[in-house]
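*Asks:* Let the sequences and hints guide you as you build the complete structure.
As numbered in our numbering, residues 56 to 360 make up the sequence shown, in order.
One or more hints might be untrue.
Claimed, not checked - What follows is a set of in silico ranges between Cβ atoms, one per label pair, in the way DEER data are often shown: (1) A176 <-> G233: 38 to 46 angstroms; (2) S331 <-> D306: 21 to 29 angstroms; (3) A155 <-> A255: 33 to 41 angstroms; (4) V336 <-> A255: 32 to 40 angstroms.
Calculated directly from the structure, the hints in this document are not laboratory data.
In this text, all values refer to a predicted model and were calculated from it rather than measured experimentally.
Every residue gets a Cβ at the ideal spot worked out from N, C-alpha and C, and that includes glycine.
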Amino acid sequence: MNKRTSGLALHMAVTVLIALAPHVGRCQARANVWYFGNHAGLDFSCAPPVPITSGMADLEGCAAICDDGGGLAMYTDGDTVWNAAHEVLENGTGLAAHCAAFGNVSSSQSAVIVPWPGTAALYYIFTTDCNEDGNVDGLRYSVVDMSMDGGQGAVTLKNQLLFAPACEKVAAVSASDGIGTWVVGHEVGNNTFRAYRVDAAGLNTTAVVSSSGLLPTSSGQSTRGYLKFSPDGERLLNISTGLATELFSFDPVAGTITGVLAFTTSDGNYYGGSFSPNGQVVYLNGSNFEGGTGLDQYDLDAGTT
Numbered sequence: 056m057n058k059r060t061s062g063l064a065l066h067m068a069v070t071v072l073i074a075l076a077p078h079v080g081r082c083q084a085r086a087n088v089w090y091f092g093n094h095a096g097l098d099f100s101c102a103p104p105v106p107i108t109s110g111m112a113d114l115e116g117c118a119a120i121c122d123d124g125g126g127l128a129m130y131t132d133g134d135t136v137w138n139a140a141h142e143v144l145e146n147g148t149g150l151a152a153h154c155a156a157f158g159n160v161s162s163s164q165s166a167v168i169v170p171w172p173g174t175a176a177l178y179y180i181f182t183t184d185c186n187e188d189g190n191v192d193g194l195r196y197s198v199v200d201m202s203m204d205g206g207q208g209a210v211t212l213k214n215q216l217l218f219a220p221a222c223e224k225v226a227a228v229s230a231s232d233g234i235g236t237w238v239v240g241h242e243v244g245n246n247t248f249r250a251y252r253v254d255a256a257g258l259n260t261t262a263v264v265s266s267s268g269l270l271p272t273s274s275g276q277s278t279r280g281y282l283k284f285s286p287d288g289e290r291l292l293n294i295s296t297g298l299a300t301e302l303f304s305f306d307p308v309a310g311t312i313t314g315v316l317a318f319t320t321s322d323g324n325y326y327g328g329s330f331s332p333n334g335q336v337v338y339l340n341g342s343n344f345e346g347g348t349g350l351d352q353y354d355l356d357a358g359t360t
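*Replies:* Written out as structure tokens, the structure is:
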């Protein structure tokens with residue numbers, strides 16, 4: 056099932072690149088702009104994509120989102136929020152992804168941005184804390200109103216706790232109605248996922264809880280890594296350093312996560328990953344600081360491991 060692609064020493068920027076694509080809605084315009092790494096970015100509204108720059112210098116997770124028309128709305132490293140003019144939003148610092156142990160933002164998936172359905176200016180930002188802090192800040196959310204401050208945007212609600220501790224991973228995907236969004240996080244030290252629905256009524260803070268998959272042998276074993284949805288929203292990758300990568304089924308109606316296929320390799324110390332556009336191929340890579348390099352490609356039609 057595994058096809059090894061050798062000779063690819065992946066830097067952190069590439070790790071971010073293959074795992075960054077926002078899974079918020081099915082409108083491609085929302086994902087026109089990617090920002091990542093040291094002031095780097097790509098504008099996908101052009102073909103081929105055009106390199107662009109930002110006001111952000113980031114080691115790991117980050118997020119950007121465009122408005123319905125494809126124009127950049129905001130981007131964040133999970134601690135600070137910038138607008139399209141690369142200015143910090145009013146009240147836009149001190150979000151909960153700040154890693155006190157590093158004095159910087161350093162969480163695998165530090166943030167994901169979700170639009171509030173039925174509104175043009177309101178967004179949720181979900182953030183995760185780092186393993187070095189003991190993941191104590193957990194999964195939290197803040198609300199941004201881009202109509203505030205003369206249209207420059209402001210954070211109007213900040214760092215509201217959903218649960219703690221939480222792994223350094225969070226992902227979002229469209230609900231079955233194509234309007235709402237599911238936001239999924241993972242508890243520390245067990246195999247429990249928590250899914251939260253965002254719809255026109257706002258965020259439902261009562262989680263859909265699913266326990267499935269491998270149990271870590273220590274609380275820190277599975278905290279780093281990524282959650283990644285397939286393009287059709289029906290599969291979910293759970294990538295964990297120190298633990299086998301798992302593939303789950305996701306129910307976009309109920310928000311439940313079931314079943315598991317574990318990827319077994321000789322060096323599967325994976326950190327990030329992504330699906331092909333048709334959802335049939337999975338790409339997994341390690342990170343330099345986790346001791347893994349290279350890119351592995353899995354064909355999901357080729358059978359079990």
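*Asks:* Hint compliance check: list the failing hint numbers for this structure, sorted ascending.
*Replies:* 1
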